[in-house]
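Chains as they are written, first to last, in our numbering: chain H, 22 to 525; chain F, 237 to 525; chain C, 74 to 397; chain U, 6 to 345.
Hints are computed from structural coordinates only; laboratory data are not their basis.
As the structure is a computational prediction, the values presented were derived from the model and not from experiment.
Do not rely on the hints blindly, as some may be mistaken.
Unchecked claim - Looking from chain F toward chain C, a few residues come up when the C-beta cut is under 7 angstroms (computed): (1) Gly268; (2) Lys272; (3) Arg288; (4) Ser289; (5) Thr305; (6) Thr306.
All residues carry an ideal CB built from backbone N, CA and C; glycine is no exception.
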Amino acid sequence: MGVLEPVVDVQPLLEIKNISKGFAGVQALNKVSFSIAPGEIHALLGENGAGKSTFIKVLTGVYTRDSGKILFDGQDFHATSSGHAQTQGVSTVYQEVNLIPTMTVTENLTLLQQPKRFGLISPKRAKQRALEMLERVGLNIDPSKQLDSYSIAVQQLVAIARAIGTKAKLLILDEPTASLDAKEVLRLFELMRQLKSQGISIIFVTHFLDQVYEITDRITVLRNGSFIGTYATKKLPQAELIHAMVGKSLDELTSGSNRETSDSADDVLRIQNFGKQRFLKPVDLSIAKGEIVGLAGMLGSGRSELCEIIFGAQAVDQGSMEIAQNAVHIKSPKQAIDHGLGYCPEDRKIDGIIAELSVRENMILALQAKRGWLKPIPMTEQKAMVESMIERLSIKTPNLNKPIGELSGGNQQKVILARWLLTQPTLLLLDEPTRGIDIGAHHDIIAIMKELCEQGMSLLVASSELEELVIFAHRVVVMKDRKKVMELTGSDISQKSIVNAIAQ
Amino acid sequence: AELTIGFAQTGSESGWRTAFTNATKAEAEARGYNFKFSDGQGKQENQIKAIRSFIAQGVDGIVLAPLVTTGWDKVLKEAQRAKIPVVLVDRGLDSDPSLYVTSVGSDFTQEGAMIAAWLAVETEGTCDIVELQGAVGADAAIKRQTGFANVIENFSGMKIIASQTGSWSATGGKEVMESFLKSIGGENICAVWAHNDNMAIGAAQAIKEAGLKPSEDILIGSVDAIAEIFKTMADGETNVTLELSPYQGAAAFDALEAHLAGKDVPKRITVPGGLFYPETAAEEWAKRK
Amino acid sequence: MLNERTLPLISAIIVLLLLYGFGSIAYQGFFGLRLAGYLLTDNAFIIVTAVGMAFVILSGGIDLSVGSMIAFVCALMALLVVKFQIHPVVAIAISVCVGTLFGTVMGLVIAIFKIQPFIVTLAGMFLFRGLGYVINTQQVKIDHPFMSSLSEFGIIIGQGELNFVAIIMILFLALGVIISRYTRFGHNVYAIGGDAQSAALIGVNVPWTTVKVYALSGFYSSVAGVLFAVATGSAYPEIGIAVELDAIAAVVLGGTLLTGGVGYVFGAFIGGMTFGVIQQLINFDGTLNAASTRIVIGALLLLFILLQKIILVWAKKFSAKGSD
Amino acid sequence: MKERKKFLDINPKIWGPIFSLVVIIVIMGIIDPGFIQIEFKDGRLYGSLIDILVRATPTAIIALGMAVVIGTKGIDLSVGSVVAICGAVAAVLIVETQLPFFMVVIVSVLVGGGIGFLNGIMVSFIGIQPIIATLILMVSGRGIAQLVTGGRAVSFDSTAMDIIGSGALLAIPVRLWIMTALVLCTVLLLRKTALGLFLESVGANAKASRLLGIEARMLKVIAYIFSGMCAAVAGMILIADVSTAEINRLGLWLELDAILAVVLAGASLNGGRIYLGLTIIGALIIQTLTTIIFSSGVPVEYNLIVKACIILAVLLIQSETTKNYVSQLRTKSLENRHAE
Ligand SMILES: Nc1ncnc2c1ncn2[C@@H]1O[C@H](COP(=O)(O)OP(=O)(O)OP(=O)(O)O)[C@@H](O)[C@H]1O
Ligand SMILES: Nc1ncnc2c1ncn2[C@@H]1O[C@H](COP(=O)(O)OP(=O)(O)OP(=O)(O)O)[C@@H](O)[C@H]1O
Ligand SMILES: [Mg+2]
Ligand SMILES: [Mg+2]
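Using the sequences provided together with the hints, build the complete structure.
What follows is the structure in structure tokens.
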């Protein structure tokens with residue numbers, strides 16, 4: 022591959038030798054070997070379904086490996102469970118937020134390590150400890166509230182706070198930045214550097230290559246479960262990295278191409294003074310046919326809320342809505358869908374996938390629901406549709422009948438996108454649609470979005486990735502404190518202008 | 237003044253029990269009592285709660301139809317302390333007789349024995365019997381079984397060749413009888429002894445469906461004298477039933493009133509029951525339906 | 074205290090007070106220490122069972138075996154005390170140990186074989202009831218001076234009495250509350266009930282916690298069995314039929330979600346008392362026949378739940394206004 | 006090659022329950038050959054196996070409805086009481102009115118559906134947890150049945166009922182026809198329309214389903230209505246069996262057997278999958294156990310112990326852990342063979 026692995030002269034903290042793991046129908050890991058030095062930040066990269074998360078779960082004992090050997094600190098390492106791995110000094114933030122939604126933030130943060138007094142847990146000290154932990158990740162929230170009252174991004178930060186809080190020699194972060202915005206990412210990197218200086222090693226999984234170059238020392242690439250190589254970050258040009266991951270070269274993402282605002286006058290959606298008490302301050306917004314409107318803002322700025330009330334997932338208590346120039350009152354998602362809307366929610370684990378059902382069922386469900394229960398889509402038609410979507414979005418699944426819960430995170434996201442594409446809505450609301458999606462697919466999805474709007478579909482896209490917004494949006498609406506603060510159009514759209522608007 | 241009387245009934249597990257409740261209520265009404273009724277839904281703890289609520293309300297007397305014979309000492313002592321007399325109906329107790337005024341009622345062991353005696357006469361002491369028990373562990377089931385067994389012990393030719401629970405129900409009785417007919421063979425069964433009428437009705441059905449004639453090829457005897465059994469008997473499908481009197485209320489109230497008036501009351505008052513045969517069945521059915 | 078998590082419990086308490094208040098106004102003798110004492114005593118064994126059940130439900134499971142466990146423990150007590158002439162203290166210790174052991178075994182089956190708790194404990198329900206029958210199908214008086222002195226023991230307060238059974242119930246309730254709120258095990262129970270998969274990833278030993286939960290439930294239901302034996306001084310095979318449903322209902326009425334992870338152990342007490350008050354309301358009324366008794370119990374349950382829901386909705390609205 | 010693959014695509018879960026049932030029957034057949042004999046007598050089939058089928062019908066039909074409810078992440082404890090109410094209604098209608106028989110059937114099935122509707126409303130619109138919502142009707146339902154008949158058993162003479170109870174068509178008992186028809190209709194309704202898929206999706210993730218445009222609440226109500234109707238049919242069959250509606254005992258504890266059947270079929274009480282055919286197998290397993298216990302002469306005290314042990318054995322055999330262990334053993338022995 023051109024770039025040789027630099028010789029590490031210290032004893033590696035972690036040595037992985039020929040690890041394999043297969044699931045029914047997939048060889049998720051095939052003889053993977055690499056090593057991690059003490060105090061190093063090591064990127065683990067690969068396309069969706071390459072086996073990154075599986076590797077992490079094998080390492081931490083969530084899955085039992087089929088074969089191979091792991092040495093940790095020179096000792097044979099055989100974790101039997103995540104808890105066991107933790108006691109050995111390996112602390113992990115898994116890909117989907119894995120905390121307890123029904124417990125408070127404090128309880129989540131201190132679980133298994135609650136401060137005690139007279140042999141009993143002291144809630145006061147626990148809260149104190151929790152506040153300290155939150156402080157470290159720069160999160161200023163009330164820890165005595167239930168975890169699921171916070172957005173997925175906040176939950177992600179809590180998970181990180183928890184992992185950092187335990188004394189570990191190796192910290193594993195599986196796509197921690199997927200739902201964070203720039204500010205939080207910076208904060209996280211600061212923390213990672215701090216840990217690194219304390220001699221703690223970090224395995225970092227992400228699909229953002231900029232972040233890889235910013236923070237990591239070395240990169241290990243997996244492709245289709247196989248080990249491709251370990252490289253020193255500095256010595257590996259981005260193009261070569263992409264080549265290693267994807268197996269082929271990829272054009273640079275075209276940037277700033279969408280400036281020719283569609284001048285179609287007919288709005289597919291117009292909302293006026295649309296809002297809900299305690300949820301979202303009244304918003305005015307209109308979206309034209311074939312237009313992509315981006316939603317930018319910080320954590321908790323109300324982007325998701327806006328999508329939810331437009332789609333009828335939350336009842337509004339003020340304002341009016343017009344779809345295709347007709348006043349409508351949408352009271353449920355079903356009605357929204359009947360009016361030609363589609364909505365891809367932010368929290369895929371809870372609002373998106375139906376884990377027990379198969380990839381095929383998950384993908385056709387929205388279309389089937391639209392058609393009604395009496396008109397089942399014939400199996401052959403279903404298969405044709407699903408197969409073409411799998412092809413188009415390059416979804417990695419051994420077969421159509423695999424339960425979606427067993428797909429890799431990014432592939433789940435693609436299935437959900439495909440679900441809505443199949444219904445051919447006139448307006449599609451996408452909340453963080455590219456969360457956890459690899460660069461290849463990211464590219465494809467942006468291409469698809471553009472293609473769709475050329476065909477006349479309109480899109481409202483909430484995204485924390487300003488870069489991507491700048492690329493595809495005709496218009497960017499900036500939200501702050503549950504309020505619309507600015508609207509940028511045409512050449513005004515740039516990362517800088519958005520950041521300024523948010524900072525105001 | 238008007239007497240306030242509390243009645244802690246076991247529940248409403250059978251048609252007989254409902255008849256018993258209704259008869260007692262009617263009697264109380266006729267006497268102009270302020271009558272407090274509590275249905276224990278087949279649980280002793282509920283009956284205990286009921287008695288305690290009667291104590292808290294300060295009733296003049298309590299009538300208790302105990303679900304089981306043990307476990308009442310504490311609550312009866314509480315009633316005694318509160319100076320509220322208690323009369324038992326339907327069955328006696330396994331506790332200190334000073335805790336209650338009197339026990340009115342029937343005797344499950346006796347019932348089993350009476351059916352056994354009838355069967356011994358009918359078959360001249362030789363009979364292979366299958367038994368359909370009530371719910372496993374139920375007091376009535378255990379005592380009827382014992383009473384029956386005590387009698388047939390005396391006849392070397394009589395024995396129980398199979399015994400299984402039909403859970404007091406017709407469907408249960410039918411299902412169990414079906415499997416007896418399969419595993420033992422109808423020709424090897426001389427009689428069915430069912431702990432209640434419902435199971436007898438079910439058993440008769442099963443025998444019919446197996447192509448035999450109930451009450452002729454296989455004799456059927458049971459206890460309870462619910463209305464429906466008379467119809468079945470009139471159709472010639474069972475041979476005998478035993479009536480437990482559901483009219484124990486009057487005797488119990490008499491005893492209470494006598495006690496309140498300071499008179500002596502015997503510790504045990506039996507109410508008569510009797511065997512009913514097919515001859516009078518049609519008449520009884522007309523009377524009771 | 075008044076937040077989203079405590080609201081269901083608080084509304085349960087409010088509705089319980091409403092019911093009690095209604096009874097006190099409508100019926101003479103309802104209000105007062107005497108009935109209060111009776112309520113605590115009569116519902117003690119249900120509440121103790123429900124406390125154990127609360128842990129199971131909070132962990133996302135269910136335990137249908139508790140009713141049979143009570144019957145089994147009573148039968149065992151009778152066997153030990155009456156037949157083998159063992160001192161009741163020892164008999165109690167043995168019975169509780171055996172009950173806890175049985176609970177542990179069910180927990181092991183659930184944890185190791187990953188079979189749904191509903192079914193494992195249903196098998197347990199059949200099995201323990203069957204074992205109870207095998208020990209003894211008769212009604213047995215557990216006659217022993219020590220047992221009687223236990224059941225006679227009580228603290229007289231005015232007209233009422235806080236007796237042994239009620240005291241034990243309160244102690245075990247307090248113990249349950251402490252375990253659930255102030256021990257790691259307690260928090261782990263909430264965690265696996267909230268999301269077992271995530272809990273495992275965080276590092277909670279899910280199988281082991283599961284085993285402990287069922288052991289605890291076995292322990293609590295055998296204590297309930299002992300209380301029953303003490304309170305009545307008798308054992309018979311049909312004790313505790315359908316108690317599992319009462320216990321589950323008590324837990325849920327106390328504001329705990331059956332899906333696990335949400336609720337308070339103390340709710341078991343509120344739920345159990347609610348049942349007791351509903352029954353006493355019916356007893357005090359004294360005019361309902363068997364059929365209407367059942368219907369009224371159902372209707373009152375429904376009313377209770379609806380009131381609870383209304384209070385919840387109302388409180389949410391109120392707090393919404395307040396914080397805006 | 007492709008066809009073969011398709012065949013193997015069938016959910017491997019289905020073999021567990023079938024295997025268990027076959028094993029139980031084979032063992033019984035070895036112990037007592039009479040157990041598996043089937044004779045043709047008086048124009049109908051006769052034998053223990055037929056008995057099992059016949060006896061299992063009420064449980065199986067109730068379990069069918071239960072499977073759908075459990076598929077939506079619910080549970081219906083009220084079925085036993087619904088059986089009692091509908092049995093009582095049917096019996097009273099037959100005895101007290103001149104209604105034609107099909108009207109009696111329609112009325113009681115409607116009553117069952119109505120009760121299911123109430124359950125459904127409580128669960129999905131008021132948001133009461135299913136176990137409690139249906140517990141309310143489980144408790145009060147039997148009271149309602151007692152009100153309907155005035156607390157006593159009602160016996161009746163009805164040819165139509167006799168046919169349902171013990172008649173045979175083409176040598177096969179009528180109630181088996183009823184059950185088969187019901188199962189087929191349900192399968193068609195659920196699998197040839199998208200209803201089954203919707204129900205499963207609601208059970209697996211109600212929130213996500215709502216966001217997909219599926220009327221999750223309505224679907225839950227429908228599931229409970231269906232369960233109520235199934236219970237009504239079972240109630241009719243149960244009273245036809247003995248020509249009496251004894252409401253105090255009718256359908257008592259049937260809900261547990263029905264739930265057990267659904268779980269033996271491999272369904273999860275957390276919803277998400279509906280196995281109709283296997284549920285019937287589950288009901289057959291339970292009934293086989295009962296019949297074996299009744300005909301084996303075990304003393305009654307041991308009934309429950311035997312039942313519990315066999316159920317546990319079946320569950321353990323079917324469990325994932327056991328399967329994994331067995332497959333591990335198999336690969337090990339394969340490896341050993343290769344090594345040799
Ligand atoms: N529990 C499971 N059962 C079956 N297959 C699984 C399971 N978990 C993962 N897989 C499969 O293993 C492969 C690797 O998945 P993995 O989650 O490791 O990918 P990933 O590299 O983390 O992808 P992403 O970037 O999308 O998160 C995928 O094809 C996936 O379908
Ligand atoms: N930094 C924060 N501090 C306090 N609460 C927050 C914060 N961020 C989010 N929340 C809470 O999370 C909830 C959900 O936020 P929401 O998902 O609407 O944000 P968003 O604008 O979509 O941004 P994102 O999707 O990036 O989180 C809000 O109701 C808010 O209470
Ligand atoms: Mg992953
Ligand atoms: Mg958001």
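**Q.** chain C contact restraint for Lys272 of chain F - C-beta distance below 7 angstroms
**A.** holds, 3 angstroms
Q) Against chain C, with CB atoms and a cut of 7 angstroms, does the hint on Gly268 of chain F hold up? A) violated, 15 angstroms
**Q.** Hint status (Cβ of Thr305 of chain F to nearest Cβ of chain C, threshold 7 angstroms)
**A.** holds, 5 angstroms
Q. Would the hint on Thr306 of chain F stand, with a C-beta cut-off of 7 angstroms toward chain C?
A. holds, 3 angstroms
Q.
Please check whether Ser289 of chain F passes as an interface residue: C-beta within 7 angstroms of a C-beta belonging to chain C.
A. Constraint on Ser289 of chain F satisfied, holds at 4 angstroms.
Q | Interface hint outcome for Arg288 of chain F [beta carbon to chain C under 7 angstroms] | A | holds, 4 angstroms
Violated hints amount to a single one, hint 1; each of the other numbered hints is respected by the structure.
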